[in-house]
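There are 2 protein chains.
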Amino acid sequence: MALPTLSGPRRKLILAGVSLVVTFIVGLLIGRFAISSQGNGANLSGVPRAIIQEADDTVHEKLASRIKAENIRENLRQLTSKPHLAGTPADYRQAKELADLWIQQGFDDVTITPYEVLMSYPDLARPNVVRVRGQNDEILYESPLTEAILTPRENVPGVVPPFNAYSANGTVTGDLVYVNYGRDEDFKYVTEDVNINVTGKIAIARYGKIFRGDKAKAAQKYGAIGLIIYTDPADYAMGANSSDVYPHSWWLPPTGAQRGTLFVTDGDPETPGYPSIDTAYRAPESQINLPAIPVHPISYGEAENIMKYMSGPVVTPDWSGGMNIVYRYGPGFNNQTLKHVEMRISTQNQRNVTYNTIGIITGAVEPDRYVILGNHRDAWVFGAMDPSSGTAAMMEAARVMAEMVRSGEWRPRRSLVFCSWGAEEYGDLGSFEWVEEYMKNLGARTVAYLNVDIAVSGTRSLSVGATPLLNRAVYEAAKRVVSPRGDGSLYDEWLKAVPQTVSGQSPQPRIDPPGSGSDHDPFLLKAGIPVANIGYKSESQYPLYHSVYETFYAMEKFYDPDFKIHASVTSFWVELARSLSDSLVLPYNVSDYAVLLEQSRHDLDNEYGPILKLNVANYSALDSYIKDFKRVAAEFMNSLGAVNRNNPLAVRAVNDQMMQLERTFIDPAGLPGRAYHKHVVLAPNMYNAYAASSFPGLVDLLGQLDASRDHDSQWKPIKKRISPFSFSSSIQLLRH
Amino acid sequence: MALPTLSGPRRKLILAGVSLVVTFIVGLLIGRFAISSQGNGANLSGVPRAIIQEADDTVHEKLASRIKAENIRENLRQLTSKPHLAGTPADYRQAKELADLWIQQGFDDVTITPYEVLMSYPDLARPNVVRVRGQNDEILYESPLTEAILTPRENVPGVVPPFNAYSANGTVTGDLVYVNYGRDEDFKYVTEDVNINVTGKIAIARYGKIFRGDKAKAAQKYGAIGLIIYTDPADYAMGANSSDVYPHSWWLPPTGAQRGTLFVTDGDPETPGYPSIDTAYRAPESQINLPAIPVHPISYGEAENIMKYMSGPVVTPDWSGGMNIVYRYGPGFNNQTLKHVEMRISTQNQRNVTYNTIGIITGAVEPDRYVILGNHRDAWVFGAMDPSSGTAAMMEAARVMAEMVRSGEWRPRRSLVFCSWGAEEYGDLGSFEWVEEYMKNLGARTVAYLNVDIAVSGTRSLSVGATPLLNRAVYEAAKRVVSPRGDGSLYDEWLKAVPQTVSGQSPQPRIDPPGSGSDHDPFLLKAGIPVANIGYKSESQYPLYHSVYETFYAMEKFYDPDFKIHASVTSFWVELARSLSDSLVLPYNVSDYAVLLEQSRHDLDNEYGPILKLNVANYSALDSYIKDFKRVAAEFMNSLGAVNRNNPLAVRAVNDQMMQLERTFIDPAGLPGRAYHKHVVLAPNMYNAYAASSFPGLVDLLGQLDASRDHDSQWKPIKKRISPFSFSSSIQLLRH
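Going line by line, the protein sequences match chains A and B. Going by the working numbering, the residue at position 83 of the first sequence is 83; the numbering climbs one at a time, nothing skipped. One rule links them: number in the working numbering = place in the second sequence (from 1) + 736.
The shape of chain A in the complex, shown without the other chains:
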């Protein structure tokens, strides 16, 4: 069959049409495949462009503008309306409320993780007391069982009386000896120089300078049968008279006592190194390193009533505190009617459940990389500063970030994990057990842990303890946040308050190593995760610390009436988390670690240099390690610019290198006598641990030197060597 032929013009028109279509398709195909795939790079069909996108910095403004001081105030008011001690019903209640809130706010995943851990509580049926007995054993004085109610805020049920967690229980009687701050050197002085044998006596120490658990250890070491710890006005009320203290100011009143744990390591005492999950083996109590003597905290009002009768020589001026008495060493009383002191302590260790609430916003591009924000929820009583100012801030931070995600305006590149910890006050129990349980995932995937324990406890400036890797990101975030005073940025204000100059550079706000004592510990010290510990502070500890007077009233009246400081801290925390979770290339600076190593080397030289040069054949090799590290770190930072940002695997590789740098400083064996502390650079005596890590024999030498000087009871000579592997590891990591 023949096809009908078309006439000329019509035929041409169709021909033209077909030509156009064919040409279009050819162009389309060339454009689609030839240019996009072969000619110009890989085309990831079905994969969002976000995979190679730089962070959108305008998100910062959007998040910041949503943060409301008024919300934080309201959060704090509610959080502090009742006591919320770890392991009590309030522990679960608040965990559940937070979980419900986050679910409602659209978090991608919310879980409550319970851990049954060993805690410690006074027996309310047999209250803890400190008494003075007379010659016929009559009670001449007895410490009050509770702190006085000074404002309506404190007048609620469930306030736990002052006690020291994990104290031994029992009744001891004996002569009192005053031991200043209860440091090893204080006990040594009173024993050797004042010639008072502490053995069999009850020691009384003032709070301050060192961790209270170390006071108990020293007391035990010198043979004391009990330890009373009081808050001296010289440290907590700065000589204020009674009308100047709480509720009239932020100074501690004579009726306030400082609660606190005596546990010197961290994590559930019964499961060191392992998570307290159901099937976990729990060590018998005899194998746990807890105090063997009763320890009890009292107020300076009580202390004055007892210490004013002490006999013995008058103390040296630096041992004298702020009470209106003549301070004497003891032992015993100068008044014949007073026989001795009695401590009756009923505090019991008890296995209880504490709860963490974990909320996750899943990352859009790298869901398997985590930026973690954490704060503990448990307080000794109301915890208006510690930790509820942080909790109030975290609730607001979580709200604004979740809101942006829910509205579809933003989703972070990496996952954001919000952690509300239980039982921090007992020794970071909630966070330690969680890190121990999820160690492998966290260690492989976590970009940073950002801790806010106490968001606000002062009025001076921001205060950040961080690993050097995070310095740059911390500064950048602080520059983007307005100061609570409204004049300049948080950075400007901070720089003015605590400037620090590294040679050859312009001054920057001081960032110290993170120290220990809050929930960043397991992340940094066990897992080698970069951490920052954030708060807004005054120069010294806030006086109401761990007393019943840490109230909403105190916060609003004396620290942050309009909650602008809270809002600033929240904005800073949010921005730091955003930049770490959103940046295509992580905003670490590995060269800042070189600065820390050089500083520490300098400190080491100042303190031990001449002796080390005499005793260590290759002392100068330490310098070559540091020089190598510095050079390799600088080369690495330079090479970052050349990374093809269109290549997600190339970007991931350099990000992993930087993230893992912190892990190279982890020694799985841990520091001697502190197995949980595995970070060999950010050690409590950093430069010693780190010098020790380079030299055979250096550790023992430093230990000997230190023992002979005994100038600082916190310094624990590291008897076992730490290997240099962390140095070669870190250099290798950045090289390859």
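By construction, these hints were calculated from the structure, which means they are not laboratory data. Be a bit skeptical, because a hint or two may be false.
To be verified - Partner residues are not named here, just some residues of chain A that face chain B (Cβ under 7 Å, in silico): (1) VAL47; (2) ARG49; (3) ASN646.
What the hints assert, rightly or not - Stretches of chain A that chain B covers, calculated by requiring three or more beta carbons in the stretch to come under 8 Å of a beta carbon on chain B: (4) 360-368; (5) 430-440.
By construction, the Cβ of each residue, glycine as well, lies at the ideal position given by its N, Cα and C atoms.
Once you've looked at the hints, dock chain B against the given chain A.
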């Protein structure tokens, strides 16, 4: 100025042309931008398409076709021409030759890593001897100082006489007691049942059943003052008469003795846990766990000369070996002219340098992921089987892979790392120190370590010890390689030789857990890296093991005349490495770990079930762990299909999850008394360690049960618990 007008047809033509161009460009633009970038996925400008490409399986054929048996033969001939004991000049010479070869073959990076480590050598000026002294202290018999030369191959200088590395030195004399295999149970039997006190005596044991270092430990524990270890013909010559042994067959001749280390842990004895780099601290010798008594290996020719005079009761049948004598327990001799045995051992520990040669072929897409191929280079003497058959294979594997890369035909997605280790024979010294030095990089990045120590020491079939993660890849590779006999695949032959059936599945070749004793140990046991240990074997140990007769002659004459077995093993090794380095999604199967856990649970139940059910309240919880793991593993494997293979970060995330699964079984604390052994599932007594990891108290219970039965001297009760965290970690890792 007016433009000239065109006539109709010409105008139409131009119009049509312009239309076509415009249409083409529009099509092009739409194709280029609308479809490729916005509409259909991210376009990675400048990034090769390989980033999302599946592996090209034809590469296997190309690699396999290049592997030449003749090359491997020539490699082995050269490698075995002279002795190459660790720490001798041959150590560096061979390391350097290999490095030069790899540089010449175009490797991207080649380095030699020296480590100064503690080794052990006999003092050739004062040879080690075993003597029989007469009543007047005259020498009635003296063991020959060297093994007899039986072929020209052995007649070269530099053969180290038989010795046991790390033996104590000195001279001891005493009565001889025969202790069978020298296991704890053997010593116990001879002490308690035969009633011979071994204290103060010299024990003589036969090689076999357990590691020689454990024989030395047992001898020491039972008070022996020296230990002689000989190779009984029942174990090494299977009753062959003298004309049937080497050089006429592969059976051990009466003049052959087995050298070997006595070091029971691994890595440089002086730097446990840390790399032996220049500044490393070295433990004083008093703190190192090395034998305190002299230990020396002799041939059965020598043993017969001594043992035929032994007195005491005739041994039970299972203690009797293959020598033509009546086996008696001792103590001492039945002939009055023979007084006692004397061991004069001069072996000295000595710090020497050993060398690893490391060659890298950098991955095209994921250079920061490593597939490592390793073999040790050092031999006690010529090492034709151990390890030079493996070295010869590795040289050929490296050559063909490097050649494909140099010719531009192929480059693996991930990096290939070839490792030639020094001083394996002393206790994996070279590999341990290297893993310790580069631990952090290796732990974060290594996909698999594939060890070939002895490539060929038998004629039956392939033999693979591997972590379950690698089973699938191992089987797939074996299916693609032709068997040396040419009938079917390596897999078919292997299946026929050692079939194993897991319930409900068709039979597969048996893959055992990797065991310990070669260079995969540090990778698996310290770093938690998936490993396979590969060789081609007969059913039992090859008789010439560690004697001077491990020659090229023996290999060519009795095992692999045409080197087809070597070529098959090489092809298998290459294909396994290729599939692991090239596959887009890693060819692991996490569900195979569930199978192992179930099997182990079954073994545990068989062995201890009834007692455990009585004694452990929550014994059944073990099942829920395993069921959880199994379910989660299956879910994970199912979800792999849904991963968007166009998304390099999504693929990387699941690959990382699988890779890190092995790491979740690592406990940084290590097994009790074996700090370097940190893998809690692939433990020497796997099911015990793994059961122990779940239950409080179970460890102690198993220890008690075991002590009461004492049925296996290798079983070391794990006194300290191992935490369950590995189970929850592994489940969590696969879930998230």
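Practice task
Using Cβ atoms only, decide whether VAL47(A) comes closer than 7 Å to chain B, and label the hint accordingly.
Solution key: This interface hint holds because 5 Å falls under the 7 Å limit.
Problem - Whether chain B covers the stretch 360-368 of chain A (at least 3 residues having a Cβ closer than 8 Å to its Cβ atoms) - result: holds (count 4)
Handout entry: Minimum beta-carbon distance criterion (7 Å), ASN646(A) to chain B
Key = This interface hint holds because 5 Å falls under the 7 Å limit.
Handout entry: 8 Å C-beta test of the stretch 430-440 of chain A against chain B, three or more residues
Key = Answer holds; 5 residues pass the 8 Å Cβ test.
Handout entry: chain B contact restraint on ARG49(A) - CB to CB distance below 7 Å
Key = For ARG49(A), the interface hint holds, since the closest Cβ of chain B sits about 4 Å away, which is under 7 Å.
Consistency with the previously given hints is maintained throughout, with no hint failing.
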